[in-house]
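Novice: The opening residue of the sequence shown carries number 1 in my numbering; numbering runs sequentially from there.
For the record, the hints were derived by calculation from the structure and aren't laboratory data.
Quick reminder that beta carbons are idealized off the backbone N, C-alpha and C, glycines included.
A hint or two may mislead.
[Unchecked claim] Only pairs whose alpha carbons sit at most 27 Å apart, straight line, appear in this in silico DSS-like list of lysine-lysine:
id	residue 1	residue 2
1	K343	K243
2	K11	K317
3	K50	K136
4	K349	K317
5	K88	K410
6	K317	K9
7	K161	K243
8	K197	K165
9	K317	K295
10	K349	K323
11	K88	K44
12	K197	K243
13	K343	K94
14	K43	K73
15	K343	K384
16	K88	K398
17	K136	K343
18	K322	K384
19	K398	K94
20	K243	K398
21	K410	K349
[As the list claims (entries may be wrong)] Taking CB as the label site, the calculated pair distances span:
id	residue 1	residue 2	range
22	E224	D363	35 to 43 Å
23	R77	P285	34 to 42 Å
24	K349	L238	41 to 49 Å
25	T198	R272	21 to 29 Å
26	R318	H239	30 to 38 Å
27	N106	T198	32 to 40 Å
28	A111	I263	33 to 41 Å
29	L49	A421	53 to 61 Å
30	Y8	R318	19 to 27 Å
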Amino acid sequence: MFLKKSEYKYKLRPALNRENIQPQPYYSPGRGWYHIYTFCPGKKDVEQLKWLPLEEQESLVLLRLDIGQFREKEIDRDTLLFTEMILKRFQNAKKDIILRICYDTNGNGLASEPSTLMRVMEHMNQLGPVVSTYAKSILVSQGIFIGSWGEMHSSKFMHPKQIQKLTETWRQATSGMIRIALRKPAFTRMLYAPEEKTDVYGLYNDAMLANDTDMGTFGTASREESGWTDAWCMEDELHYMHKQMTQVPLGGEVLSPQVERNISSEVISYLRKMQVSYLNSIYDPRFLDMWKEIKVEDGESLYDYVGNHLGYCLEVKRMVWKKRQLMFVVVNTGFAPLYDRCKARIIAKGTEGDVAYMNIGMDFGNMLPDEQRDVVMDFSCLVKDSAYELYLETRRRKDNARICFVGQQKDRELYLGRLDAV
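My request is simple: use the sequences and hints to build the entire structure.
Specialist: Laid out in structure tokens, this is it:
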């Protein structure tokens, strides 16, 4: 079909003035609050799987698989099949999974994990093919099975060579399809030499804001005073993380500070400089309850502000219509990048039946915090009706999940405004 130039001149009535945006929680995949769901796959509890109390306003879940009953034996076929059922259940619920496989959920890592490294590796090789089948639904895999609660402490397998062996085994078992996060930045440096560059591993941190080292996540000495695989002070670790750990979302849990702090300003500053993408929505309850009482901006609680800015938070600003061109700016106001590639298009729905789809030749993926990108769309040959409703649709390439903007309902495109003939 040949398109002819429109006979109409149009005026834009934008819908995204800030006063027109109704306050609502920001919902989009791969970021935000999460709840923990713990399964013992060996028990094959179908009823637990059937009646999951999923949180509608959370796009994430932390799925904790306790395989402690297999500490001295291989995982049987029925358990592997049930593990697949668990993953499929969350995939069907359209939840992005933070996966943690562990031998302990009671703080008894040494007593609960296998007696040999080979047994852990065997379990990795058994579970890897199952997990990789659901790679598109897995945001990140936390840890390498070992330690209390799977947090890589209180374990007999903490030698650098053992950490290196387990991490590489899990990466290969999942065919390199799953992002892997380790408990300390120092652990990632055990996997390669200083002259090498890699950004395939990331960090999960279940002690955020507890003290100056996040309970040992970081060290106290500077990089110059430390060895390559030592824990460095937070400032030097942050420099390392922003250079070498750029492809894996960071998240975890906050702990009540051990000393009194200016909670509001420090929490926001910390989460922004750490580029935090996800947090446990109910832990630490005493600390989070304080967040709910603190007001930070336009009457919004600190808890809600944090929830709306975890990970990426895309917003359309400064929309202009000029000479048959629609121009607007996309800004990432979140704490962290958008880690997935995505595709975007404008949908123009005419009042007389015409519908035009215009692809935006720009990927909003990997947008850094505070980064903005200018979008210019030419409408000169694509408008035929006397009025059009304009929508912005953005989706994640890997699974077609809808990427949302501020002011957008999670099951609809973002309404930009209306073009009326003048």
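Novice: With the threshold set at 27 Å, check whether the alpha-carbon distance from K50 to K136 stays at or below it.
Specialist: Holds, at roughly 22 Å.
Novice: Holds or violated: 34 to 42 Å for the Cβ distance of R77 and P285?
Specialist: 40 Å, holds
Novice: Within a Cα-Cα threshold of 27 Å, do K349 and K323 meet the stated pairing?
Specialist: Judged against 27 Å, a Cα distance of about 20 Å means the pair holds.
Novice: Within 19 to 27 Å: is that where the Cβ-Cβ distance between Y8 and R318 falls?
Specialist: 24 Å, holds
Novice: Between A111 and I263, does the beta-carbon spacing fit 33 to 41 Å?
Specialist: Holds - the Cβ-Cβ distance for A111 and I263, about 37 Å, lies within 33 to 41 Å.
Novice: CA of K161 to CA of K243, is that 27 Å or under?
Specialist: 24 Å, holds
Novice: Is 30 to 38 Å respected by the C-beta to C-beta distance linking R318 and H239?
Specialist: Once the Cβ atoms are compared, 33 Å apart, the range 30 to 38 Å for H239 and R318 holds.
Novice: Taking only the CA atoms, is the gap from K317 to K295 under or equal to 27 Å?
Specialist: 25 Å, holds
Novice: Holds or violated: K197 with K243, Cα cutoff 27 Å?
Specialist: 9 Å, holds
Novice: For the pair supplied as a hint, K349 and K317, is the alpha-carbon distance within the 27 Å limit?
Specialist: With Cα atoms ~21 Å apart, K349 and K317 stay inside 27 Å; holds.
Novice: Does K343 pair with K243 here, judged by a C-alpha cut-off of 27 Å?
Specialist: 26 Å, holds
Novice: Does K44 lie within 27 Å of K88 when you go C-alpha to C-alpha?
Specialist: 14 Å, holds
Violated hints: none; the structure is consistent with every hint.
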